[in-house]
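A.B. asks: Sequence:
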Amino acid sequence: MKLTINWQPDPTKKAPLYQQITDYFLKQITTGNWVVGDQLPNQRRLAQQFNVNRSTLASATAILHSYGVISATTGGGTKISSNTWSLLMSRPALNWHNYTSSGQFVPNQPTIQTINQLETTDFTRLSTGELAPSLFPKKLMRQALTDVTTELNSLNYLPPEGLYELRVALAEYLKQWQIKVNPENILITSGSLQALQLISVGLLTHGATIFTEKVSYLNSLEVFQSVKSHLVGLPFDNEGVAFWQIPQSNAQQLLYTIPSYQNPTGLVMSLKRRQDLLTFAAKRHLPIIEDSAYQDLWFAKRPPLPLKSLDTHQTVLYLGTASKFLAPGLRLGWIVGPQAIIRRLSDVKMQTDYGASSLAQLTLTKVLQSSAFPTYLNDIREQLKQRCLLALTALQDYLTPYATWRKPTGGFYIWLQLNAEISVNQLFHQAIGSEILFNPGKVYGNQATQMIRLSFAYTEPIIFRKTICQLQQLIKQQLETTD
1 MKLTINWQPD PTKKAPLYQQ ITDYFLKQIT TGNWVVGDQL PNQRRLAQQF
51 NVNRSTLASA TAILHSYGVI SATTGGGTKI SSNTWSLLMS RPALNWHNYT
101 SSGQFVPNQP TIQTINQLET TDFTRLSTGE LAPSLFPKKL MRQALTDVTT
151 ELNSLNYLPP EGLYELRVAL AEYLKQWQIK VNPENILITS GSLQALQLIS
201 VGLLTHGATI FTEKVSYLNS LEVFQSVKSH LVGLPFDNEG VAFWQIPQSN
251 AQQLLYTIPS YQNPTGLVMS LKRRQDLLTF AAKRHLPIIE DSAYQDLWFA
301 KRPPLPLKSL DTHQTVLYLG TASKFLAPGL RLGWIVGPQA IIRRLSDVKM
351 QTDYGASSLA QLTLTKVLQS SAFPTYLNDI REQLKQRCLL ALTALQDYLT
401 PYATWRKPTG GFYIWLQLNA EISVNQLFHQ AIGSEILFNP GKVYGNQATQ
451 MIRLSFAYTE PIIFRKTICQ LQQLIKQQLE TTD
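The sequence shown runs contiguously to residue 483 in the UniProt record's numbering.
Please keep in mind that the hints were generated in silico from the structure rather than gathered at the bench.
We put the beta carbon where it would ideally sit given N, CA and C, even for glycine.
The reader is advised that the hints may include incorrect statements.
[What the hints assert, rightly or not] Below, in silico cross-link-like pairs of lysine-lysine (DSS-like), each with a Cα-Cα straight-line distance of 25 angstroms or less:
1. 272 with 139
2. 228 with 214
3. 180 with 214
4. 228 with 301
5. 180 with 272
6. 175 with 272
7. 385 with 466
8. 138 with 407
9. 139 with 385
10. 2 with 14
[Claimed, not checked] Derived Cβ-Cβ restraints for the label pairs, each shown as a range:
11. 404 with 249: 35 to 45 angstroms
12. 283 with 110: 38 to 48 angstroms
13. 33 with 393: 50 to 60 angstroms
14. 32 with 71: 45 to 55 angstroms
15. 354 with 182: 20 to 30 angstroms
16. 249 with 71: 44 to 54 angstroms
17. 481 with 250: 23 to 33 angstroms
18. 42 with 271: 50 to 60 angstroms
19. 237 with 352: 34 to 44 angstroms
20. 110 with 32: 22 to 32 angstroms
Work the whole structure out from these sequences, hints included.
C.D. replies: Here it is in structure tokens:
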């Protein structure tokens with residue numbers, strides 16, 4: 001049966017609108033008013049009925065999906081899927097919300113949750129920080145997988161630090177950046193996000209302070225807050241982060257930075273700033289987390305050497321990932337650091353997941369060992385460069401009166417500042433209504449409320465241009481409404 005809903009959330013109540021919607025749905029299901037198989041109106045109609053943005057509705061439905069009380073079927077819309085009423089007749093109801101709202105792990109920001117939910121749909125994704133499927137190196141990966149399956153004898157657990165052959169291949173790969181390490185200095189992780197989580201739970205005390213740029217990828221995560229650490233933003237300029245503003249303290253402190261093609265700004269820390277930072281860190285015994293996610297993706301000129309290559313005092317933990325230059329689905333990253341730290345983090349990792357995928361590690365080893373890999377990297381750089389140029393042309397053609405931006409020299413992103421009279425939050429919700437996703441600057445820092453991050457790496461150039469034209473129309477509509 002198709003449900004008819006005659007209810008609206010109350011914006012004057014303290015509870016957020018998405019929570020009111022969630023609670024209303026749960027009440028209707030648990031009381032038996034809605035039964036298994038009942039069909040909900042589509043999201044556009046529900047958003048209109050509730051007088052809310054589609055992003056608010058998406059947040060509510062994401063929670064309901066996670067509870068298992070609704071499900072989407074191909075061509076069949078969204079239906080009630082939990083037989084909660086029959087469970088209530090046999091025993092008291094279990095309120096999973098009491099569990100999902102507790103625990104030590106802090107949930108993502110609502111905006112990030114909305115983006116994560118909608119990125120799996122047919123939206124145009126100017127938000128996605130990954131390579132387009134069309135850039136996937138099919139031939140290189142097919143050969144790597146063929147080589148792996150030909151030699152495969154088992155898929156047993158690997159050593160705590162990861163596959164030894166992969167660590168050897170990574171040590172050889174890092175030589176191009178003048179990072180000289182042994183395999184024993186490398187830990188394989190399930191992506192660089194896990195590297196951050198391992199550091200947070202394995203090395204930090206509660207109340208530790210993590211310094212980063214005021215506008216930073218780290219601000220879009222809650223992993224450090226989950227262990228009660230404090231994020232403190234530092235000013236930055238075209239040379240990099242103003243590290244000298246870190247105060248003297250006896251409390252545990254560290255600095256997180258992406259020196260090359262920083263996410264989201266795309267800035268590159270100068271060589272002198274890197275050298276000065278390391279001198280400062282050595283004197284102050286300040287640990288540094290260096291995230292090198294975009295380091296290999298320059299357009300015309302290599303960025304300066306990584307902090308790790310200049311590190312003579314073992315103050316830098318160096319994070320790398322295959323997600324940006326190859327494939328995020330491999331879920332492989334690495335930490336380079338002192339052996340004592342690697343042993344500690346590998347022990348924590350074994351308690352977490354008992355090691356990253358053996359098959360993925362074997363495959364990445366073959367890719368790094370392939371004579372075709374350097375050629376592939378050069379091709380990806382050229383492809384990203386061309387996509388960037390086409391994206392900049394689209395911005396020039398459609399958004400010149402409404403925004404300014406910095407020309408990237410590498411990476412995936414354009415950091416764009418909208419004029420003061422334009423509401424980024426309103427534009428974000430307008431765009432969702434037109435099935436367009438971008439990342440509002442506020443998820444990266446409170447100082448970035450007029451900023452948005454656009455990715456040119458995922459969406460095909462012709463679609464990117466068409467979507468920027470759509471954003472122009474949405475901006476015009478917003479300005480006409482406010483006049």
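A.B. asks: Which hints, by number, does the structure contradict?
C.D. replies: Violated hints (numbers, rising): 1, 3, 4, 8, 10, 14, 17; every other hint is consistent with the structure.
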